[in-house]
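> Sequence:
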Amino acid sequence: MDENAIIEIIIEEVCKRLFLWSKLDKCHSDKIKCRNAWTAIAAKAGLEVYHRVRANRSAGPMGILCVDFF
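Once you know that position 34 of the sequence shown is 1101 in my numbering, the rest is easy, because the numbers rise by one and skip nothing.
Quick caveat, the hints were computed from the structure, so don't treat them as lab data. A few of these clues could be false.
To be verified - Under the rule of at most 16 Å between Cα atoms (straight-line distance), these lysine to aspartate or glutamate pairs were calculated in the EDC-like manner:
# : residue 1 : residue 2
1 : K1111     : E1080
2 : K1100     : E1075
3 : K1111     : E1070
4 : K1100     : D1069
5 : K1111     : E1075
6 : K1100     : E1070
Everything numeric in this text was worked out from a predicted model, so none of it was measured.
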């Protein structure tokens, strides 16, 4: 799968799961849901190993999502 196809899948899946990131700081269970959503996105994009997602709290209420793939 080429890089553009992966980016398209990630954008599409992020839009579907936007509500999860809006709740990221609310409680631990929401963080688990967010991690599970990113794992599903990585699997759909054909990325074999997914490491973690974190929100940059200084970026405002929605944060900036940083995805680390190894």
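> Against this structure, judge whether each hint is valid.
Now the hints, each set against the structure:
1. K1111 with E1080: Roughly 9 Å between the alpha carbons, so the hint for K1111 and E1080 holds.
2. K1100 with E1075: violated, 22 Å
3. K1111 with E1070: It holds: about 13 Å lies between the C-alpha atoms, which stays within 16 Å.
4. K1100 with D1069: With a Cα-Cα distance of about 28 Å, the restraint between K1100 and D1069 is violated, given a limit of 16 Å.
5. K1111 with E1075: holds, 11 Å
6. K1100 with E1070: violated, 26 Å
Hints 2, 4 and 6 from the earlier list are contradicted by this structure; the remaining hints agree with it.
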